[in-house]
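*Asks:* The primary structure of each chain is shown beneath.
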Amino acid sequence: QQQVKQSPQSLIVQKGGISIINCAYENTAFDYFPWYQQFPGKGPALLIAIRPDVSEKKEGRFTISFNKSAKQFSLHIMDSQPGDSATYFCAAWETSGSRLTFGEGTQLTVNP
Amino acid sequence: GAVVSQHPSRVICKSGTSVKIECRSLDFQATTMFWYRQFPKQSLMLMATSNEGSKATYEQGVEKDKFLINHASLTLSTLTVTSAHPEDSSFYICSASARGYIETQYFGPGTRLLVL
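Taken in sequence, the protein lines are chains D and B.
Residues in the first sequence are numbered from 1 upward in steps of one, following the working numbering.
Residues in the second sequence are numbered from 1001 upward in steps of one, following the working numbering.
Derived from the structure by calculation, the hints contain no laboratory data.
A hint or two may mislead.
[What the hints assert, rightly or not] Heads up, simulated DSSO-like pairs for lysine-lysine below, C-alpha to C-alpha not over 30 Å straight-line:
id, chain 1, residue 1, chain 2, residue 2
1, D, K71, B, K1066
2, B, K1020, B, K1055
3, D, K58, B, K1055
4, D, K71, D, K57
5, B, K1020, D, K71
6, B, K1041, B, K1064
7, D, K5, B, K1014
8, B, K1041, D, K5
9, B, K1041, B, K1014
10, D, K71, B, K1055
11, D, K42, B, K1020
12, B, K1014, B, K1066
13, D, K5, D, K57
14, B, K1041, D, K15
15, B, K1014, D, K57
16, D, K15, D, K58
17, B, K1020, D, K5
18, B, K1066, B, K1041
19, B, K1014, B, K1055
20, B, K1020, B, K1066
21, B, K1020, B, K1064
22, B, K1064, D, K42
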């Protein structure tokens, strides 16, 4: 059972555009929501993370929007660049279980 | 900061042999390390969690006798794939987190294992 559902599976955006990736969860015990960027053949790199008591967090071109009541959160990449082309994973952490649950991943392609 | 290394980056071995993968936290003390497995174009699947000085906790369906994990120090954890078979071929990734910040995991670059 996939506890964190991520969409879309793939996304193509023009350079300078906004990339939006969405995630939804069911487990209300999740209390930390990071996003990871992974390039082919590399390990994931932590991009940005949010806790459920905050509705939005921005770091540079990356913004997380969090809707606790809807149990949804999203990653916005502003001014998308070809170098942003990678696979993005949302994740959710459950303190009681001490584990990260990952979404299925979104393959982002930013065309020049 | 928060750099995690893995060695080797890729390994090819014959079926039936054992392979050891090292995971090191270079600039912080990793009280908890996690081992993941990732198949092509798929998400990461947690295999086990290890705390320094304690036995690893394995996820359901992961054979503890096949995937031996040792976390002997605050900067080093090892994963040994024993009697490897072709179906064990995968991308193995470790992550590490510091005391008090267990939810913030920093990932290593991964190890590509190919079993012939």
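*Asks:* Does each hint fit the structure? Answer for all of them.
*Replies:* Right, here's what the structure says about each hint:
Using a Cα cut-off of 30 Å, the hinted pair K71 of chain D and K1066 of chain B is violated, with the two alpha carbons roughly 38 Å apart. Under the criterion of a C-alpha separation no larger than 30 Å, the hint pairing K1020 of chain B with K1055 of chain B is consistent with the structure, at around 17 Å. Taken as a hint, the K58 of chain D and K1055 of chain B pair is broken in the structure, with Cα atoms around 38 Å apart against an allowance of 30 Å. Between the alpha carbons of K71 of chain D and K57 of chain D the distance comes to roughly 16 Å, so the proposed pair stays at or under 30 Å and holds.
Annotation: proposed proximity of K1020 of chain B to K71 of chain D is violated, straight-line Cα distance about 40 Å (limit 30 Å). For the proposed pair K1041 of chain B and K1064 of chain B, the alpha carbon gap of about 25 Å is at most 30 Å, so the pair holds. At most 30 Å may separate the alpha-carbon atoms for a hinted pair to count; K5 of chain D and K1014 of chain B exceed this at roughly 37 Å. With a C-alpha separation of about 16 Å, the suggested pairing of K1041 of chain B with K5 of chain D holds against the 30 Å cut-off.
For a cut-off of 30 Å, the pair hint linking K1041 of chain B to K1014 of chain B stands: about 25 Å separates their Cα positions. Using a Cα cut-off of 30 Å, the hinted pair K71 of chain D and K1055 of chain B is violated, with the two alpha carbons roughly 34 Å apart. Taken as a hint, the K42 of chain D and K1020 of chain B pair is honoured in the structure, with Cα atoms around 19 Å apart against an allowance of 30 Å. Between K1014 of chain B and K1066 of chain B the alpha-carbon distance is near 16 Å, which keeps this suggested pair within the 30 Å criterion.
Between K5 of chain D and K57 of chain D the alpha-carbon distance is near 21 Å, which keeps this suggested pair within the 30 Å criterion. Of the pairs offered as hints, the one joining K1041 of chain B and K15 of chain D holds, with about 24 Å between alpha carbons and a cut-off of 30 Å not exceeded. Among the hinted pairs, K1014 of chain B with K57 of chain D is inconsistent with the structure: their alpha-carbon atoms are about 48 Å apart, more than 30 Å. With a C-alpha separation of about 20 Å, the suggested pair K15 of chain D and K58 of chain D falls inside the 30 Å cut-off, and the hint holds.
Simply put, K1020 of chain B and K5 of chain D have alpha-carbon atoms about 33 Å apart, too far for the 30 Å limit, and the pair is violated. Distance restraint check for K1066 of chain B and K1041 of chain B: the Cα-Cα separation of roughly 24 Å lies within the 30 Å cut-off, and the hinted pair is therefore satisfied. Pair hint K1014 of chain B plus K1055 of chain B holds up; C-alpha atoms about 28 Å apart against a cutoff of 30 Å. Restraint check for K1020 of chain B and K1066 of chain B: the C-alpha separation of about 12 Å stays at or below 30 Å, so the hint holds.
Proposed proximity of K1020 of chain B and K1064 of chain B is supported: the alpha carbons are some 14 Å apart, at most 30 Å. The hinted pair formed by K1064 of chain B and K42 of chain D meets the criterion: a straight-line CA distance of about 26 Å does not exceed 30 Å.
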